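Okay, so the sequence shown: first residue is 0 according to numbering that gives the first Met the number 0, each after it adds one.
In case anyone wonders, no lab produced these hints; they're calculated from the structure.
If you're wondering where the values come from, they're calculated on a predicted model, not measured in any experiment.
Where hints are given, some of them may not hold.
Straight line, CA to CA, 27 Å or less: simulated DSSO-like cross-link-like pairs of lysine-lysine [to be verified]:
| no. | residue 1 | residue 2 |
| --- | --- | --- |
| 1 | Lys17 | Lys261 |
| 2 | Lys573 | Lys553 |
| 3 | Lys568 | Lys584 |
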Amino acid sequence: MHYSNGNYEAFVKAEKPKDVDQKSAYIVGSGLAALAGAVFLIRDGQMKGNRIHIFEELSLPGGSMDGIYNKEKESYIIRGGREMEPHFECLWDLFRSIPSTEHEGESILDEFYRLNRKDPSYAKTRVIINRGEALPTDGQLLLTPKAVKEIIDLCLTPEKDLQNKKINEVFTKEFFQSNFWLYWSTMFAFEPWASAMEMRRYLMRFVQHVATLKNLSSLRFTKYNQYESLILPMVKYLKGHGVQFHYDTVVDNIFVNRSDGKKVAKQIVLTEKGERKTIDLTENDLVFVTNGSITESTTYGDNFHPAPAEHELGASWQLWKNLAAQDEDFGHPEVFCRDIPKANWRMSATITFKNDDIVPFIEAVNKKDPHSGSIVTSGPTTIKDSNWLLGYSISRQPHFKAQKPNELIVWLYGLFSDTKGNYVEKTMPDCNGIELCEEWLYHMGVPEERIPEMAAAATTIPAHMPYITSYFMPRALGDRPKVVPDHSKNLAFIGNFAETPRDTVFTTEYSVRTAMEAVYTLLDIDRGVPEVFASAFDVRMLMNAMYYLNDQKKLEDLDLPMPEKLVIKGMLKKIKGTYVEELMKKYKLI
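Can you build the whole structure from these sequences, using the hints too?
Here it is, written out as structure tokens:
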């Protein structure tokens, strides 16, 4: 497996791998990584679909990429939304090959591209305070020179020196008081005690987003929820190729033979619809494991009941533990699923409004008509003075194909789970649906006398997700297994708990990238995997980021000590009349 860039290899049809007709594939999980892996096996590995088996413990596919009408709750449920951007190279490589289910002759990528060209993301309000007022400093990052230096220092620190370090161990108070941190943390769901190593990766990976943190104009979104817009078309494609889906199936263990310097998966132990089974394997049987899950063990409440907080360790975590017990190279799942801070984000809620009483308040805050069909918040709108650090997102409506014209869906989340609300004096996990809705309505500026009736008229489904931010737990090198562990002949790990260099977890791109790397490695496919977008190596983007990190000040206007001002003055004198000066002028640094 090798990385490529540019379009030289992008349009190549890979040569059929040797002996692929004698090979089979067993994929654990049916989330985005698993489905992507199956597509790459068929499209690039030219494996017959009927030789691919997907094992899913639930009764439907999709994993964390969900969005569904729950008949039992009589309501829509979404656990989150995915922020996508143009430089998700592997994701778009995948979806250029998945046919649209709405527009004949088009791919999902064609459909997605045209939608976002016609209706681009642009948040007119990013942060509010005082019950619906725009933050006066919205748009300013408010980073001090010291805080900017701390960002640069973190980026210059090798990952090996950041093992098990937390973000609040590499940044000081000035950084956490900035709007930059407010934007960054609420956009990506970082907590101060999260992994400094992952924070560094995000800074390097998304340096191109610094200029658009206020308006979120660099993001792209699907027409409907990601389950209907992305997952179902992939499932249709795979079933059309004969891929075999096994639902209500738990993979309990995979036994790996470690001898002669090789690691070979030899047997799968599973429980399918309550029946214990085993599958014996050879080196021709490829096994792809989705290890761990951020939405495993999710519980749900309703208008009158909080989501239960008690849960057992989920099957995906237990499988990873069973594998890790066999070999050190298979990672350390306990780092991610044990001792998760109580303050972590763990709650979200889906509110379905069935009348238009909330519409004037949304229009007042977000400056958009939520029934216009255009994207409303373009990502999260953050409530800075919320004790829960509450945020909400309103996607294009309808968000579900079956949604009624009078229905409006809002998704809520709160990054701090151990504090009491401003209106409802309970922690978020202790609240039922009506109470969660009331807290949000309060911050939206709804008059207090109207809050109870408006919340009672809506349907709000709380979701308790104990592992939702486990990707960001402080970690050391080796805690996540490599996509293909050293000396593995037929076993690979896929998804956001597998390790691939430079890319960032909690993204659709990471799921697809690990799947692509796994398939390309085990089948030795002669086509490059697109490299991670090289934003941190592009001097134009670095200059642009520097301009915005300093709140659009020129170098000579920075509040720096005199010795540093003199250094800048001398540097500017040396580059006068050069291409470097042209670049600096273009990106407004001089």
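A quick look at each hint next to the structure:
The hinted pair formed by Lys17 and Lys261 meets the criterion: a straight-line CA distance of about 20 Å does not exceed 27 Å. Of the pairs offered as hints, the one joining Lys573 and Lys553 holds, with about 17 Å between alpha carbons and a cut-off of 27 Å not exceeded. For the hint pairing Lys568 with Lys584, the CA-to-CA distance comes to about 15 Å; that is within 27 Å, so the pair holds.
Of the numbered hints given earlier, the model fails none.
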